[in-house]
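Novice: Each chain, letter by letter, is given below.
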Amino acid sequence: MSILVIAEHDNDELKGATLNTITAAKEIGPDIELLVVGFSCDAVVEKACLIPGISKVLVADKETYKNFLAENIGSLVAEIGSDHSHILASATSNGKNFMPRVAALLDVAQISEIISVLSEDTFERPIYAGNCIATVKSSDSIKVITVRATGFDDCESEGGSAPRENLDQDTNLGISAFVSEELAKSDRPELTSADVVISGGRGMQSGENFRLLEGIADKLGAAIGASRAAVDSGFVPNDMQVGQTGKIVAPNLYIAVGISGAIQHLAGMKDSKVIVAINKDADAPIFQVADYGLVADLFDALPELESKL
Amino acid sequence: MKVLVPIKRVIDFNVKVRAKSDETGPDLTNVKMAINPFCEIAVEEAIRLKEAGTAQEVIAISIGTNACKEQLRTALALGADRAILVETEIEVEPLGVAKLLKAVVEREQPELIILGKQAIDDDSNQTGQMLASLLSYPQGTFASKIKIEKGKINVTREVDGGLQTVSLDLPAVVTTDLRLNEPRYASLPNIMKAKKKPFDTLTPEELNVDASPRIEILKVSPPPERPTGIIVNSVDELIEKLKNEAKVIS
Ligand SMILES: Cc1cc2nc3c(=O)[nH]c(=O)nc-3n(C[C@H](O)[C@H](O)[C@H](O)COP(=O)(O)OP(=O)(O)OC[C@H]3O[C@@H](n4cnc5c(N)ncnc54)[C@H](O)[C@@H]3O)c2cc1C
Ligand SMILES: Nc1ncnc2c1ncn2[C@@H]1O[C@H](COP(=O)(O)O)[C@@H](O)[C@H]1O
Numbered sequence: 020m021s022i023l024v025i026a027e028h029d030n031d032e033l034k035g036a037t038l039n040t041i042t043a044a045k046e047i048g049p050d051i052e053l054l055v056v057g058f059s060c061d062a063v064v065e066k067a068c069l070i071p072g073i074s075k076v077l078v079a080d081k082e083t084y085k086n087f088l089a090e091n092i093g094s095l096v097a098e099i100g101s102d103h104s105h106i107l108a109s110a111t112s113n114g115k116n117f118m119p120r121v122a123a124l125l126d127v128a129q130i131s132e133i134i135s136v137l138s139e140d141t142f143e144r145p146i147y148a149g150n151c152i153a154t155v156k157s158s159d160s161i162k163v164i165t166v167r168a169t170g171f172d173d174c175e176s177e178g179g180s181a182p183r184e185n186l187d188q189d190t191n192l193g194i195s196a197f198v199s200e201e202l203a204k205s206d207r208p209e210l211t212s213a214d215v216v217i218s219g220g221r222g223m224q225s226g227e228n229f230r231l232l233e234g235i236a237d238k239l240g241a242a243i244g245a246s247r248a249a250v251d252s253g254f255v256p257n258d259m260q261v262g263q264t265g266k267i268v269a270p271n272l273y274i275a276v277g278i279s280g281a282i283q284h285l286a287g288m289k290d291s292k293v294i295v296a297i298n299k300d301a302d303a304p305i306f307q308v309a310d311y312g313l314v315a316d317l318f319d320a321l322p323e324l325e326s327k328l
Numbered sequence: 006m007k008v009l010v011p012i013k014r015v016i017d018f019n020v021k022v023r024a025k026s027d028e029t030g031p032d033l034t035n036v037k038m039a040i041n042p043f044c045e046i047a048v049e050e051a052i053r054l055k056e057a058g059t060a061q062e063v064i065a066i067s068i069g070t071n072a073c074k075e076q077l078r079t080a081l082a083l084g085a086d087r088a089i090l091v092e093t094e095i096e097v098e099p100l101g102v103a104k105l106l107k108a109v110v111e112r113e114q115p116e117l118i119i120l121g122k123q124a125i126d127d128d129s130n131q132t133g134q135m136l137a138s139l140l141s142y143p144q145g146t147f148a149s150k151i152k153i154e155k156g157k158i159n160v161t162r163e164v165d166g167g168l169q170t171v172s173l174d175l176p177a178v179v180t181t182d183l184r185l186n187e188p189r190y191a192s193l194p195n196i197m198k199a200k201k202k203p204f205d206t207l208t209p210e211e212l213n214v215d216a217s218p219r220i221e222i223l224k225v226s227p228p229p230e231r232p233t234g235i236i237v238n239s240v241d242e243l244i245e246k247l248k249n250e251a252k253v254i255s
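As they're listed, the protein sequences go chains C and Y. Numbered according to my numbering, the first sequence spans residues 20 to 328. Numbered according to my numbering, the second sequence spans residues 6 to 255.
In short, the hints are calculated from the structure, not lab data. Just so it is clear, the structure is predicted and the values come from calculations on it, not from any experiment. Honestly, I wouldn't trust all of these hints.
Stated by the list, open to error - Below, in silico cross-link-like pairs of lysine-lysine (BS3-like), each with a Cα-Cα straight-line distance of 25 Å or less:
1. C:K75 <-> C:K85
2. Y:K7 <-> Y:K25
3. C:K299 <-> C:K327
4. Y:K246 <-> C:K327
5. Y:K74 <-> Y:K200
6. C:K238 <-> Y:K252
7. Y:K37 <-> C:K299
8. Y:K21 <-> C:K292
9. Y:K224 <-> C:K45
10. Y:K7 <-> Y:K37
11. Y:K224 <-> C:K156
12. C:K85 <-> Y:K150
13. C:K156 <-> C:K45
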């Protein structure tokens with residue numbers, strides 16, 4: 020039986036998280052089908068067909084699926100997935116939204132945010148904000164899984180030529196409707212896939228002061244993140260939150276500025292390759308996970324760092 | 006309307022949990038327990054709906070051991086009108102919780118069910134969506150704002166790219182994100198009054214639900230340890246280390 024992977028995209032662009040999820044799928048088994056569900060998403064399908072190692076790309080291109088309403092996508096994926104051994108999606112806000120509906124419709128458990136594959140039915144996933152790693156074995160006939168992107172490398176994105184197969188399904192439960200969205204626009208790399216991330220916390224004191232991070236981010240090609248305290252204080256929007264309940268990042272370099280290092284923040288960044296902490300309190304817990312700690316006032320350190328980079 | 010609020014008893018969010026040395030599970034001896042923070046936000050939102058006259062009754066429900074009564078009493082002290090404990094000794098997985106909640110929803114017929122988006126112990130982020138699916142209800146997950154109007158609920162959701170607003174038919178399921186509200190504290194007089202509020206106890210058998218687990222936890226281990234870092238003395242030293250030792254900048 021084949022593995023069904025649900026592509027993560029926004030109708031225009033195939034998101035990088037899809038490639039990590041395919042890597043996880045390849046560790047489970049060789050026969051992988053990719054489902055692109057959305058509306059007017061030909062550009063995404065074209066890219067999807069180029070990914071090596073995919074047996075076919077299933078396409079549900081219907082207006083019903085335009086805004087990824089979980090009610091409709093959940094029903095579609097449960098229907099398509101019912102004759103597959105595994106259904107995998109990225110643990111993005113979209114994947115987290117519809118996948119448990121799929122699992123419930125199929126009467127199987129969901130295994131959330133796996134970070135490694137041990138066999139076709141055994142996986143590792145973090146629990147307790149990443150302070151423990153659970154090895155879990157599923158006894159269900161279909162394994163419904165969300166994949167944490169930081170746990171798996173990207174697969175190749177070019178060189179394949181999978182056939183496209185259009186689906187007729189147009190499942191609209193008619194109980195929910197899209198109203199509006201306010202999406203943040205940024206020229207910077209995406210937080211979850213950036214090589215370098217620089218994050219500010221409550222110590223930044225204001226949204227205005229995040230400018231101090233921008234200059235450095237420009238020089239390093241970094242994405243900008245934040246602690247929950249910085250988001251709650253209204254310095255920056257919610258989509259910048261890194262942590263247990265925000266985004267999980269694992270860049271090559273993570274720079275935490277004016278962030279104390281609460282358990283919930285560490286949960287979102289402690290798998291970064293190199294961690295730098297800049298904090299004026301030498302006892303801040305962030306220094307316990309930092310490879311390089313600088314005890315300094317950020318208002319002195321950041322301008323100096325920017326000018327010397 | 007009637008609002009049902011499922012709450013989970015979990016470790017206090019300040020506790021740094023460690024795996025037991027024999028790797029059979031998390032070490033929870035003598036740790037402080039509390040209402041899951043997201044469920045606290047759910048209780049608060051339900052009470053605000055009642056205060057605004059939109060809701061008439063708020064029912065708190067928990068699934069777990071007898072000890073969950075403590076968290077249900079807190080919910081009553083915060084303003085819930087009555088509580089239900091579905092008592093079981095087994096650790097019920099999100100699918101089982103959703104099935105038990107569905108059975109209670111069928112009895113109680115609430116128009117709105119507000120859950121936390123995620124329990125901070127298992128970090129599953131599943132139960133609300135599963136419940137909605139089992140009931141064929143719409144869902145507004147990761148809510149940072151809700152508005153009820155003419156038989157519908159508008160939910161503003163925190164999504165990866167920013168915010169999305171959806172309009173859902175009632176009855177509906179909502180799961181809370183951190184910025185939905187700031188929960189109040191229970192006052193002493195309310196804690197006293199809560200003792201007199203109705204409290205029912207049910208079992209999975211009475212609800213005719215099979216909530217047995219599907220997932221076996223083979224082991225629980227500590228995460229890989231990070232090598233101890235160093236404190237640098239200056240910005241110059243930091244740049245030098247990042248360039249020449251860590252080789253992450255050029
Ligand atoms: C259920 C739940 C989920 C949560 N999820 C998340 C999450 O996903 N992500 C998250 O980040 N948090 C999360 N939190 C919140 C978390 O517990 C902390 O409250 C939060 O991370 C603190 O943010 P902070 O480090 O910016 O602020 P603080 O803890 O206030 O730390 C500010 C730091 O800045 C330093 N500082 C101040 N001024 C300067 C200066 N001039 N120069 C240098 N340093 C300075 C201080 O020494 C201090 O260490 C969650 C909490 C709960 C209850
Ligand atoms: N045992 C339980 N009893 C009551 N509510 C629960 C229970 N488990 C989960 N929930 C609800 O479901 C939400 C999400 O939990 P989870 O899916 O486990 O991350 C929680 O915030 C609660 O509102």
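Novice: With reference to the structure, classify each hint as holding or not holding.
Specialist: Hint check results:
Note on K75 (chain C) and K85 (chain C): the hinted pairing holds, with a Cα-Cα distance of about 22 Å set against a maximum of 25 Å. At most 25 Å may separate the alpha-carbon atoms for a hinted pair to count; K7 (chain Y) and K25 (chain Y) exceed this at roughly 42 Å. For the proposed pair K299 (chain C) and K327 (chain C), the alpha carbon gap of about 20 Å is at most 25 Å, so the pair holds. Restraint check: the Cα-Cα separation between K246 (chain Y) and K327 (chain C) comes to about 13 Å, which is no more than 25 Å; the hinted pair holds.
The suggested pairing of K74 (chain Y) with K200 (chain Y) holds, with an alpha-carbon distance near 11 Å, which does not exceed 25 Å. Straight-line distance between C-alpha atoms of K238 (chain C) and K252 (chain Y) comes to about 16 Å, which keeps the hinted pair within the 25 Å bound. Proposed proximity of K37 (chain Y) and K299 (chain C) is contradicted: the alpha carbons are some 31 Å apart, above 25 Å. At roughly 22 Å between alpha-carbon atoms, K21 (chain Y) and K292 (chain C) fall within 25 Å of each other, so this suggested pair holds.
Of the pairs offered as hints, the one joining K224 (chain Y) and K45 (chain C) holds, with about 24 Å between alpha carbons and a cut-off of 25 Å not exceeded. For the proposed pair K7 (chain Y) and K37 (chain Y), the alpha carbon gap of about 32 Å is over 25 Å, so the pair is violated. Proximity of K224 (chain Y) to K156 (chain C) is assessed by CA-CA distance (about 10 Å); at most 25 Å being required, the pair is judged to hold. Restraint check: the Cα-Cα separation between K85 (chain C) and K150 (chain Y) comes to about 23 Å, which is no more than 25 Å; the hinted pair holds.
For the proposed pair K156 (chain C) and K45 (chain C), the alpha carbon gap of about 18 Å is at most 25 Å, so the pair holds.
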